[in-house]
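Protein chains: 2
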Amino acid sequence: MNSTIDIIKNRMSLRKYQNKPISKEHLDIIIESAMRAPTAGNMMLYSILIVEDEEKREKLSITCDNQSFIAKAPLVLIFLADMQRWYDYYNYCDVKEYCKRNQIEFRAPDEADLLLASSDAIIAAQNAVIAAESLGIGSCYIGDIMENYEVHKEMFNLPDKVFPIAMLCMGYYPLDIKRRIKPRFDRKYIVFNESYKRLKNKELEDMFKNRKVKENNKYNAKNFGQYFYARKTGADFAKEMSRSVKEALEFWKKEI
Amino acid sequence: MNSTIDIIKNRMSLRKYQNKPISKEHLDIIIESAMRAPTAGNMMLYSILIVEDEEKREKLSITCDNQSFIAKAPLVLIFLADMQRWYDYYNYCDVKEYCKRNQIEFRAPDEADLLLASSDAIIAAQNAVIAAESLGIGSCYIGDIMENYEVHKEMFNLPDKVFPIAMLCMGYYPLDIKRRIKPRFDRKYIVFNESYKRLKNKELEDMFKNRKVKENNKYNAKNFGQYFYARKTGADFAKEMSRSVKEALEFWKKEI
Numbered sequence: 001m002n003s004t005i006d007i008i009k010n011r012m013s014l015r016k017y018q019n020k021p022i023s024k025e026h027l028d029i030i031i032e033s034a035m036r037a038p039t040a041g042n043m044m045l046y047s048i049l050i051v052e053d054e055e056k057r058e059k060l061s062i063t064c065d066n067q068s069f070i071a072k073a074p075l076v077l078i079f080l081a082d083m084q085r086w087y088d089y090y091n092y093c094d095v096k097e098y099c100k101r102n103q104i105e106f107r108a109p110d111e112a113d114l115l116l117a118s119s120d121a122i123i124a125a126q127n128a129v130i131a132a133e134s135l136g137i138g139s140c141y142i143g144d145i146m147e148n149y150e151v152h153k154e155m156f157n158l159p160d161k162v163f164p165i166a167m168l169c170m171g172y173y174p175l176d177i178k179r180r181i182k183p184r185f186d187r188k189y190i191v192f193n194e195s196y197k198r199l200k201n202k203e204l205e206d207m208f209k210n211r212k213v214k215e216n217n218k219y220n221a222k223n224f225g226q227y228f229y230a231r232k233t234g235a236d237f238a239k240e241m242s243r244s245v246k247e248a249l250e251f252w253k254k255e256i
Numbered sequence: 001m002n003s004t005i006d007i008i009k010n011r012m013s014l015r016k017y018q019n020k021p022i023s024k025e026h027l028d029i030i031i032e033s034a035m036r037a038p039t040a041g042n043m044m045l046y047s048i049l050i051v052e053d054e055e056k057r058e059k060l061s062i063t064c065d066n067q068s069f070i071a072k073a074p075l076v077l078i079f080l081a082d083m084q085r086w087y088d089y090y091n092y093c094d095v096k097e098y099c100k101r102n103q104i105e106f107r108a109p110d111e112a113d114l115l116l117a118s119s120d121a122i123i124a125a126q127n128a129v130i131a132a133e134s135l136g137i138g139s140c141y142i143g144d145i146m147e148n149y150e151v152h153k154e155m156f157n158l159p160d161k162v163f164p165i166a167m168l169c170m171g172y173y174p175l176d177i178k179r180r181i182k183p184r185f186d187r188k189y190i191v192f193n194e195s196y197k198r199l200k201n202k203e204l205e206d207m208f209k210n211r212k213v214k215e216n217n218k219y220n221a222k223n224f225g226q227y228f229y230a231r232k233t234g235a236d237f238a239k240e241m242s243r244s245v246k247e248a249l250e251f252w253k254k255e256i
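Heads up: the sequence lines are chains Y and C, in that order. Take the first sequence: its position 5, counted from the start at 1, is 5 in the UniProt record's numbering, and no numbers get skipped. Take the second sequence: its position 171, counted from the start at 1, is 171 in the UniProt record's numbering, and no numbers get skipped.
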């Protein structure tokens, strides 16, 4: 179709990289591309942390569910949902006093602002992913950056109204890479016309027909659903993510 | 640099479209591109609603903060954070009973799952945006789809564990379009090395130096911060978004 569509269709999550740093020119293009992302009201409700320091990457490889390849990624980018900058500006502009004078409610950021700022951050992240891909630089999202909130807060000096919503590991594709494009679920179970369609058992069975589990598996699961629940949705890292996000929300929503 | 970077850098939010439908071929490419987006554990924690029905678009143009151009967009895509499909599958697989038998906690989706599923949905949405852009199709994000949760829930038949995190209006660029690429904040206030940098008053002043407000404005604001707070963060639509998201979370977290 065109080269952009080709890039999107051939992208894979890359967890092994050439052992060479991202060039300054390429890093600049990636960052500039992220910053061109659409953003609510042109507010840029996000910040980007460039992490190249080896010690920090080592630590992240542990705090983000023990994924050792993180330490070996030449470049790590953390995308932060960020309302702090705007609220600091509001403070600088005496908005609280202005609200009182004009009988407008002054409100701290809440769940909706977290979703909006996270959307901004993720849109920027995906621009970075596609820009990188077009330069021969592969990437892998690490949602686990949402875990261990207190550790990351201290590690990166994050104020209360800043939340790490996504992390990207990046590096040049190895020269001998074999692209493995993972199959997705069939479109008819993901895309609906005009109205949501809740799937019936027969459709769920068909949807998952290619996902199998061994009879003797370490989770004592009798089918793929049980196996996958144990491995993902009900796993320790998911529980930690759940705890961590709740904790982060306490700081996020704290009165200013 | 390359055509993908050019597409990213020249993209603008488009709110006026050619009065012609998106071709089936182009729609398919946009949907397939969205579905190639990276997704946590290959779970595809999102669904996509294709909305072409005129009446529905009319209604959305009202429920999403009265933006009349929504009704005139040839194509509307709603990106849904979706845990319903997986939990229906878990139910089909007797995961609750499996958990009891193996003394694993069975948990309903919570805030962390909403953030993870929303991330999946937004990554897919941004793939759709860039694919569309490469085909001469412009787009505009409508975060206001997070408002009026109850209305949209009924309108699109959304079950409890499905949340509309983003909407895209799409249409072909008008032939006489003048591209207006909005300036972003300076990189030094958005991108940080190794650690977050909280901005000082002097930096905030410099960051916002190009954003001005008229002396006599309808918000009775004395500076840009006050004006912008009244117009955005403290505005009625933001309060509605706040209420709506809280309400949605009640359904999202309800025990299964």
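Honestly, the hints are just simulated from the structure, not real lab data. Check before you lean on any hint, since a few could be wrong.
Each pair may be met inside one copy or between any two copies, as identical chains are not told apart.
Below 25 Å or equal to it, Euclidean Cα-Cα: the simulated DSS-like pairs (lysine-lysine) are [unchecked claim]:
id, residue 1, residue 2
1, 96, 197
2, 100, 239
3, 202, 9
4, 254, 239
5, 202, 222
6, 209, 182
7, 253, 239
8, 202, 232
9, 246, 214
10, 209, 239
11, 188, 9
12, 254, 20
13, 200, 254
14, 96, 202
15, 100, 212
16, 100, 214
17, 214, 232
18, 212, 232
19, 20, 232
20, 56, 202
21, 178, 20
22, 96, 214
23, 253, 72
Please read these numbers as outputs of a predicted model, since none were measured by experiment.
For each hint, the structure was consulted:
no. : hint      : verdict
1   : 96 - 197  : between (45 Å within a copy, 24 Å between copies)
2   : 100 - 239 : between (41 Å within a copy, 17 Å between copies)
3   : 202 - 9   : neither (29 Å within a copy, 45 Å between copies)
4   : 254 - 239 : both (23 Å within a copy, 17 Å between copies)
5   : 202 - 222 : within (18 Å within a copy, 62 Å between copies)
6   : 209 - 182 : within (15 Å within a copy, 47 Å between copies)
7   : 253 - 239 : both (21 Å within a copy, 14 Å between copies)
8   : 202 - 232 : within (23 Å within a copy, 46 Å between copies)
9   : 246 - 214 : neither (35 Å within a copy, 41 Å between copies)
10  : 209 - 239 : neither (28 Å within a copy, 44 Å between copies)
11  : 188 - 9   : within (19 Å within a copy, 33 Å between copies)
12  : 254 - 20  : neither (43 Å within a copy, 48 Å between copies)
13  : 200 - 254 : between (42 Å within a copy, 21 Å between copies)
14  : 96 - 202  : between (56 Å within a copy, 19 Å between copies)
15  : 100 - 212 : between (61 Å within a copy, 22 Å between copies)
16  : 100 - 214 : between (64 Å within a copy, 21 Å between copies)
17  : 214 - 232 : within (17 Å within a copy, 53 Å between copies)
18  : 212 - 232 : within (15 Å within a copy, 49 Å between copies)
19  : 20 - 232  : neither (33 Å within a copy, 44 Å between copies)
20  : 56 - 202  : neither (48 Å within a copy, 30 Å between copies)
21  : 178 - 20  : within (19 Å within a copy, 41 Å between copies)
22  : 96 - 214  : between (60 Å within a copy, 20 Å between copies)
23  : 253 - 72  : neither (35 Å within a copy, 37 Å between copies)
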